[in-house]
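*Asks:* Chain by chain, the residues:
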Amino acid sequence: MRAPVSDLPLVLDDVSLQAGATAILDRISLTIAPGAPTLFIGPNGSGKTSLLRLCMGLAKPTGGRISWGGRSDPTPTRRAFVFQRPVMLRRTAAANVTYALAQAGEPRARRGERAVALLERVGLADLADRPARLLSGGEQQRLALARALARDPQILLLDEPTASLDPAATRAVEEIVLSAAQSGIKIAMASHDLGQVRRLAGEVVFLARGALCERAAASDFFDHPSTPEARAFLRGDLVI
Amino acid sequence: MPDHLSALQLILNADPTLLAIVQLSLSVSLAAVALAAAIGMPIGALLALTHFPGRAILVVLLNAMMGLPPVVVGLALYLLLSRSGPLGELGILFTPTAMVLAQTVLIVPIIAALTRQTVEDLWIEYRDELGAMDVGALGRMTTLLWDARFSLLTALLAGFGRAAAEVGAVMIVGGNIDGFTRTMTTAVALETSKGNLPLAMGLGAILIVIVLAINAAAWGTRVWSQRVTG
Amino acid sequence: MIFRRSFVAIAMLLGIAAVCRPSFADDRSIVVASTTSTQDSGLFGYLLPIFKAKTGIEVKVIAQGTGQALDTARRGDADVVFVHAKAQEEKFLAEGFGVKRFDVMYNDFVLIGPKSDPAGVKGRDIEAALKTIQAKGAPFVSRGDRSGTHAAELALWKQAGVDIAAAKGPWYREIGQGMGAALNTASAMNGYVLSDRGTWISFKNRGDLDVVVEGDKRLFNQYGVMLVNPEKHPTVKKELGQAFVDWVISPEGQAAIAAYEIGGQQLFFPDADKKGS
Chain A
7 MRAPVSDLPL VLDDVSLQAG ATAILDRISL TIAPGAPTLF IGPNGSGKTS LLRLCMGLAK
67 PTGGRISWGG RSDPTPTRRA FVFQRPVMLR RTAAANVTYA LAQAGEPRAR RGERAVALLE
127 RVGLADLADR PARLLSGGEQ QRLALARALA RDPQILLLDE PTASLDPAAT RAVEEIVLSA
187 AQSGIKIAMA SHDLGQVRRL AGEVVFLARG ALCERAAASD FFDHPSTPEA RAFLRGDLVI
Chain B
26 MPDHLSALQL ILNADPTLLA IVQLSLSVSL AAVALAAAIG MPIGALLALT HFPGRAILVV
86 LLNAMMGLPP VVVGLALYLL LSRSGPLGEL GILFTPTAMV LAQTVLIVPI IAALTRQTVE
146 DLWIEYRDEL GAMDVGALGR MTTLLWDARF SLLTALLAGF GRAAAEVGAV MIVGGNIDGF
206 TRTMTTAVAL ETSKGNLPLA MGLGAILIVI VLAINAAAWG TRVWSQRVTG
Chain C
39 MIFRRSFVAI AMLLGIAAVC RPSFADDRSI VVASTTSTQD SGLFGYLLPI FKAKTGIEVK
99 VIAQGTGQAL DTARRGDADV VFVHAKAQEE KFLAEGFGVK RFDVMYNDFV LIGPKSDPAG
159 VKGRDIEAAL KTIQAKGAPF VSRGDRSGTH AAELALWKQA GVDIAAAKGP WYREIGQGMG
219 AALNTASAMN GYVLSDRGTW ISFKNRGDLD VVVEGDKRLF NQYGVMLVNP EKHPTVKKEL
279 GQAFVDWVIS PEGQAAIAAY EIGGQQLFFP DADKKGS
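Protein chains in written order, with the working numbering: chain A, 7 to 246; chain B, 26 to 255; chain C, 39 to 315.
Among these hints, one or two may not hold up.
To be verified - Now the stretches of chain B that chain C is said to cover, found in silico as 3 or more residues with beta-carbon under 8 Å: (1) 114–121; (2) 198–204; (3) 217–231.
These aren't lab readings, by the way, just hints derived from the structure by calculation.
Positions of the beta carbon are idealized from the N, C-alpha and C atoms, including for glycine.
Can you build the whole structure from these sequences, using the hints too?
*Replies:* What follows is the structure, encoded as structure tokens:
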């Protein structure tokens, strides 16, 4: 059973990530606390995905420290992750959710009922018995969200979850993310779609070349970006 | 088996001796596959998911053991199971049980090695997702085995094929006893030594057809279920 | 998860149960280590159903060369041996592995060779024939497997004054296999081979082969039967094994042996004298 622990605040203290000679992330310090959604933006290769993976505990930093609710044990207790291309387990949609519930320590007797509720929450109740691999891209992403929510997370990390989806599917995903945020779940999401950032973000973290360039409330960031990189990025120039 | 009949006649008459031989061959080999799967799949999955010093040597060893000579396995098991051997008290030499054991030893490496390869490939795809769901070591193993089930069917078939086709091991530990431990392959060997080449050939053809039918059925199942479950 | 675990478990149990069933029902069965000649000639296929109908005892025959059959019995893996190499059998007895040896029957060896008889050895004299084969280097197939027939062949070379270990050449092929395989090989390479008559008569892949030497007294081939000594191996099924031994040397068993024919030819000639040795 789940211990009564918290994964927040999530604190990155001078965190670096090296791959061979290449610095992927460079001395980033950042605290993620409960509140409105935090959106990570920046050009491709700026380190968004790597930063989220570190936040999830899927990778270890080569320098600095990360702590979750004051603990440095990376075991994901109250956090969940949605990948850009989620892996669907080779079983039905409902079984995918039940699986996540089981891993999160949900008692067997309650899994069925909760799986139904979660599938309803992401609008997949009708497809519960469909093999997950046969769902469309948008449906798979919503199922991934249901699986993530099954962990009853305090913080939900999402890595460009709508990058390969059409507008309708993107809207469905955004609605689920927003409702999760409204229910008190901290959202930390990477996106390259500035429209999406405007729609969702409470605050923005702007990365360039593996460094944290700018962190600001969403409205401030869009109205008065303070760094030249951010201004160039918002203008649509290539930022290298 | 009546000598004056051809293999075709034996089939057409549903000759009870022939049917008993076919049944024994199938049940021995299928039991060996089941047993080898229960042993080999966890070993393969464990090797795929763990890293320890000497693992590479173990993997090479396992791959090499796919080519274990059946007679050597048969002989080793014979010495073990003989009344004068360490496991003689079991009294299972010259019984179908001994044949199941021999074939199991032969095909555990095949199933384990193919499972390792399959699970290792799938693990690359699943690693992050399972990590994010905080799936423990045992859970990873069972999840990957289950999700690789269609590919693992091929491993099982490879094991079955080897078990059903081998003659050296079952001949030694089974003794080719008429009506008791005579399988398709030992019957072929026997009819060959009696110079009854047409009947031996016919029995061989029946064996090939059976193996072919099982493979076709398994293949069909795989295609069908993959279409259904994605 | 639960479902699939239990499914796998059930499948395994079913498979194993299906296979193990017969081994639990073997209370009334014995293992007889015998020679390929008795099996390949079809004698056991004829005798054993008669014995089983009378006694209810199932006889499981392991057909090996005589030497290997005796070894199987030495290890305690057979209850009875039924073989044909008197010297080896007596050694087996002397080592204490057998209880008592009884003559059961005999047949004879025949020298098989191509119908055209390229070495020109046709006749009744086995010694002369072997000498000629060696002198001319005509292809000869030897069992080479320590079987009764192999032992007999080696003894015949010796009697013919040929030191086969020294005279061995490409013409002399030791195949290390059973009688049937030796005949198949001889048939394929048109060579000479020593065979027991029973296997020869029932052999189907003769090709161009025929009997070239027969009727020589030295070609006599005696079969014996022994119960494996229960004092050496307590697992030996003494009563059931003895019942089999008693039956094959009884008038009834002897009559059954005499009655076995292929194509009107009697294969084995009963000669039990009941005394034993």
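*Asks:* Please go over all the hints and tell whether each is borne out by the structure.
*Replies:* Against the structure, the hints:
With 6 residues having a beta carbon nearer than 8 Å to a beta carbon of chain C, the segment 114–121 of chain B meets the requirement of three or more and the stated coverage holds. Coverage of the segment 198–204 of chain B by chain C holds. Counting CB-CB distances below 8 Å, 4 residues qualify, and the rule asks for three or more. By the rule of at least three residues with a Cβ nearer than 8 Å to a Cβ of chain C, the coverage given for the segment 217–231 of chain B holds, with 6 such residues.
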